[in-house]
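Student: Given next are the chains, with one letter for each unit.
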Amino acid sequence: MARIKVDHDKCTGCRLCELACSLHHIENTFNPKRSRIKVFIEGELHYPVLAGPYTDAECTAKNMVVIAGHEYDECVLCRASCPAKPIFKEPDTEVPLKCDFCGDPPDPQCVKVCVPGALTFLPED
Amino acid sequence: MDGWVGRIIRVDLSRGEFAVEDLDPYLAMDYIGGRGLGTKILYDEVDPQVDPLSPENKMVFMTGPLTGTGAPGGGRYMMVTKGPLAGTVNCCNSGGHFGPELKYAGYDGIIFEGKAPNPVYLWINNDDIEIRSAEHLWGKTTSETEDIIREEIGDKWQAMDTHINCIGPAGEKLVRLANIINGKNRALGRGGAGAVMGSKNLKAVVVRGTRAVTVADGEAFKEAVLAILEKVPPGGGPLADFGLLVVHAVVSMMGLIPTRNFQSGVFEGWGNIDGFALKEKFLVRNKACFSCPVAGGRVYRVDVEGFEGCGEVEAEAHVNFGPMCGIDNLAAILKANYICNDLGIDTISLGGSIACAMELYERGYLPEKDVGYQLNFGNVQAMVELVEKTGLRQDFGDVLAEGGYRMAEKYGHPELSMSVKRQEMPGYHVQGIQGTGLEFATSNRGADHMRACTYNSELLGIPEKLDPLVTEGKAAMCINLQNFLAAKDAAGLCLVTAATAQMTPEDVVSLLEPATGAGYTPEGVMLAGERIWNLERLFNLAAGITAKDDTLPKRMLEEPVLTGEAEGHVNRLGEMLPEYYQLRGWNEEGVPTQEKLEELGLA
Ligand code: SF4
Ligand code: SF4
Ligand code: SF4
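Protein chains in written order, with our numbering: chain A, 136 to 260; chain B, 2 to 604.
Calculated directly from the structure, the hints in this document are not laboratory data. Mixed in with the good hints there might be a few duds.
The list that follows gives simulated cross-link-like pairs (lysine-lysine, DSS-like), each with its CA atoms no further than 27 Å apart [to be verified]:
hint, chain 1, residue 1, chain 2, residue 2
1, A, 247, B, 232
2, B, 466, B, 390
3, A, 233, A, 140
4, A, 224, B, 223
5, A, 140, B, 555
6, B, 370, B, 411
7, A, 145, B, 223
8, B, 223, A, 233
9, A, 145, A, 233
10, A, 247, B, 223
11, A, 197, A, 233
12, B, 555, B, 411
13, B, 280, A, 145
14, A, 145, A, 220
15, A, 140, B, 223
16, B, 411, B, 549
17, A, 145, B, 232
18, A, 247, A, 140
19, A, 145, B, 282
20, A, 247, A, 233
21, B, 232, B, 280
22, A, 140, A, 220
23, A, 145, A, 247
24, B, 390, B, 370
25, B, 466, B, 232
26, A, 197, A, 220
As the structure is a computational prediction, the values presented were derived from the model and not from experiment.
From just these sequences and the hints, can you work out the full model?
Tutor: What follows is the structure in C-alpha cells.
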C-alpha cells in the first residue's frame, strides 16, 4: 500500500500541506479545517498527522502524552477520525475526513508543497 | 468575494459594542488590503494630530487578499495605527497564524476604536463575537496570557487553532516601545503599537474559524504557487542556514556592524555571537510562519544559569543587544529577547535605547545615581536588568520606556540617539550602505529595515547588485522598492519569502490575479504601492512630520567610519534626498504635488 512517511524533525510547521490538501479536495478553496492532514504545533515541536480511517467508538486504553510541558491525551497524535476528536471532521456536517492520497493513482499534493522535505511519498511497499 | 472575505468587524470599546461591516470592493482593489486598506481607513477616520494614546486613535488589524491562501509567505497581516514613538502612521506587520485564522473566521480585518472602561479581550469564533473581561489577565506576561486564554476557551488541542494577539505588562504601562505579541514569539513590532492597545484597555484579540478563503481560479493559483516554490533554493538557501543573520554576516565582513551605539563598525566579539555560534550553541529547530517555505524563524533554547529561556529571536535585535551594547555574551542576548517577548517590548528599539544610555553614561552625561548602577558598554547584568525594568517601568526603566530619543533629550544630547523620527535604527552602519541611509531617512514610520530592504540589493545583489558606496541611482531604487514592498505588504506576502524567491511584480500578480480575479496587472500593483506610500506621507505631513524629519543621526552624516571597506565615508543623504523628492513627484518641501495626487487618485 502507498504510504506517506513523516519526518517530524524536518517539519517547520508551515502548514502548506494543509492548504494544498484542502485546495485539492474542494474547488477554489483554502480551509485547513477541511484538510486531511493536520500539523499539530506545540512550542518548538511540530507533528504533521495524516487522517486515517474513521473509528466509530473512542478507544479505551488512552495514555497521556506530555509535550513541551503540556499534557495532552494521545488523541493528538492519533490518526483516527474518531468521535472523541475535534479534528478530521468536516466543520459543519461532522462527516469524517480521511487521507485518500489525492486519488487513484495516488498523487499526494501535500508532499509537493513540503519544501523542507518532512513528507515523503512511498508509492508501494 | 474571492481572495478577500468581504467583511470587517468594527469594535467600539467605549460602549462595549461591535458591528460587522461590508468591505468596499473598489477600495479593496485600489489599496489591495493589509497595509493599504488599514492606512486608508486610518486616514479617513482619524485626525492625524490626535494623541496616539488617546481613545480617539484607532487600531486597524487588516489582512491581505493572499493571507490564508497558501501563497508562499502568504500568512501576513498588519495593524495600522498612529504610533506613540514616532508620532507617524505606524503599520506593523507580522506572520504567525493569526491573520489566516481571522480570515477563516470570516473577516478581513478588525477596527478598534475608543477605550474600554475596564480591561477586556475580544473573542471571535466564526459568527460568535464576544467582548470578555480581561481583569484577571492584566499584569500577566504574553505567554501567561496565551496559556490562560487557551484554557478558558477550552482549546486543549492547539490543533484547533485558537490564535492570540496580546500585550504584556509593557503595553499596559504605555511603554512607548511596546509591541503586540502573537504565538508568544511573533510581534506586531516597532513604533509602540502595544502601548496603543494598552491605552484602549484591550489585553488580547483571540480568533478561531472554520470557514474558507476562496480563490477565483484554484488551478491557476496552484500553478503559480508551485512555480514560486521552485524558485526557493533547496532548504530555503543561506537564509535557512542562518536565519536573517545572513545579511549581518556580510555587514560585519564589511566592517559595518553597529558597535557601541554606532561608534565603530567592527565588533571584536562578533565571532562569539554570529550565525554559526548561534546555530552551534543554542539552535533547537527552524520554524516557519503560516504558509512559508523558507522557515526563517529560529527557535533557540538557553540553559546557561541566569539566562534560561526558549523562543525565537530576531536578527536586528541581535545586533542591538549585542554589538551595539558592546556585549558578546550570546546567552545574555537571547535572554534579553525572551524578556522582551514576555513583557511585550520591541527588541530593536530597546537594544538601541540601552546602547544610547550606555554612551550617555560613558560620556558622563547620564549620572550613575540616576541609573542605580554602572552602565558601561559590555555590562551584561545591567543590560539584562534594564530590559526587564523598562518593560515594567521601574526605576531608570521608566525613563527608557519613553524611548532612547526622549531619554537622550532629557539628558541634553538628543544627537546621541541613533534614531530617525525618534525610532531606533536597525543594525546597519549606513555610512557604508548609502541607499539604506536614504531608506531609513525617508521611511514613513521612522528608521526601519522593512520598508525597502535596499541592503538586499547593495549587499546581497537581490534583485540587482548596486555598489553600496555610491549614491547614484539609489533614489530610484529606493522608491521602486518602497512602492513594491508596500504592495507586497498590502497583499499579505512576506518580504523575506519574496526576497528569497526573488519575487517580481509579475510573480505577485501571478498570485493576486487568480486569487481575486479583480484584474490586477504588474503596473497596477506598483501603482497601488505608490498610492499607499503617498497616503502614508499625507498622514504624516498632517501630523506635523515633515521634510525636516527626513534625516539621519548626525553621526551618520558627519562622522566617517574608521575601518573596513567604507573607511572615510559618511552617508551622503544630501546628494540623494532632493532627487528622491523629485522622482517621487514631491516638491522641495517633500509634499506630494497636486499632479501626483491626481495621478494616484488621492486628490
Ligand atoms: S508542508 Fe511539510 S514542513 Fe510544512 S507543515 Fe506540512 S509537513 Fe511540515
Ligand atoms: S482519537 Fe483518541 S480516542 Fe479516538 S481512537 Fe485516537 S486515541 Fe483513541
Ligand atoms: S495525500 Fe492528499 S489527501 Fe492525503 S493528506 Fe496529502 S493532500 Fe491530503
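Student: None of the hints should be skipped; say for each whether it holds.
Tutor: Hints versus structure:
1. Between residue 247 of chain A and residue 232 of chain B the alpha-carbon distance is near 14 Å, which keeps this suggested pair within the 27 Å criterion.
2. As the CA atoms of residue 466 of chain B and residue 390 of chain B are separated by approximately 43 Å, the hinted pair breaks the 27 Å bound.
3. For the proposed pair residue 233 of chain A and residue 140 of chain A, the alpha carbon gap of about 16 Å is at most 27 Å, so the pair holds.
4. Proximity of residue 224 of chain A to residue 223 of chain B is assessed by CA-CA distance (about 24 Å); at most 27 Å being required, the pair is judged to hold.
5. Restraint check for residue 140 of chain A and residue 555 of chain B: the C-alpha separation of about 58 Å exceeds 27 Å, so the hint is violated.
6. Proposed proximity of residue 370 of chain B and residue 411 of chain B is supported: the alpha carbons are some 15 Å apart, at most 27 Å.
7. Taking the CA atoms of residue 145 of chain A and residue 223 of chain B, the gap is about 23 Å. The hint holds against a cut of 27 Å.
8. The suggested pairing of residue 223 of chain B with residue 233 of chain A holds, with an alpha-carbon distance near 22 Å, which does not exceed 27 Å.
9. Simply put, residue 145 of chain A and residue 233 of chain A have alpha-carbon atoms about 23 Å apart, close enough for the 27 Å limit, and the pair holds.
10. Of the pairs offered as hints, the one joining residue 247 of chain A and residue 223 of chain B holds, with about 11 Å between alpha carbons and a cut-off of 27 Å not exceeded.
11. A C-alpha spacing of about 21 Å is found between residue 197 of chain A and residue 233 of chain A, which places the hinted pair at or below 27 Å, so the restraint holds.
12. At roughly 18 Å between alpha-carbon atoms, residue 555 of chain B and residue 411 of chain B fall within 27 Å of each other, so this suggested pair holds.
13. Restraint check for residue 280 of chain B and residue 145 of chain A: satisfied, since their Cα atoms lie roughly 16 Å apart, inside the 27 Å limit.
14. For the proposed pair residue 145 of chain A and residue 220 of chain A, the alpha carbon gap of about 26 Å is at most 27 Å, so the pair holds.
15. Simply put, residue 140 of chain A and residue 223 of chain B have alpha-carbon atoms about 23 Å apart, close enough for the 27 Å limit, and the pair holds.
16. A hinted pair counts as satisfied when its Cα atoms are at most 27 Å apart, and residue 411 of chain B with residue 549 of chain B qualifies at roughly 21 Å.
17. For the hint pairing residue 145 of chain A with residue 232 of chain B, the CA-to-CA distance comes to about 20 Å; that is within 27 Å, so the pair holds.
18. In summary, the hint linking residue 247 of chain A to residue 140 of chain A is supported, as the alpha carbons are separated by about 13 Å, within the 27 Å threshold.
19. Among the hinted pairs, residue 145 of chain A with residue 282 of chain B is consistent with the structure: their alpha-carbon atoms are about 19 Å apart, no more than 27 Å.
20. Distance check on the hinted pair: residue 247 of chain A and residue 233 of chain A sit about 19 Å apart at the alpha-carbon level, within 27 Å; holds.
21. Our distance criterion of 27 Å between C-alpha atoms is met by residue 232 of chain B and residue 280 of chain B, whose separation comes to about 25 Å.
22. With a CA separation close to 23 Å, the supplied pair residue 140 of chain A and residue 220 of chain A stays within the 27 Å bound.
23. A threshold of 27 Å between alpha carbons decides the hint, and for residue 145 of chain A with residue 247 of chain A the separation of about 15 Å falls inside it, so the pair holds.
24. For the proposed pair residue 390 of chain B and residue 370 of chain B, the alpha carbon gap of about 16 Å is at most 27 Å, so the pair holds.
25. The suggested pairing of residue 466 of chain B with residue 232 of chain B holds, with an alpha-carbon distance near 19 Å, which does not exceed 27 Å.
26. A hinted pair counts as satisfied when its Cα atoms are at most 27 Å apart, and residue 197 of chain A with residue 220 of chain A qualifies at roughly 13 Å.
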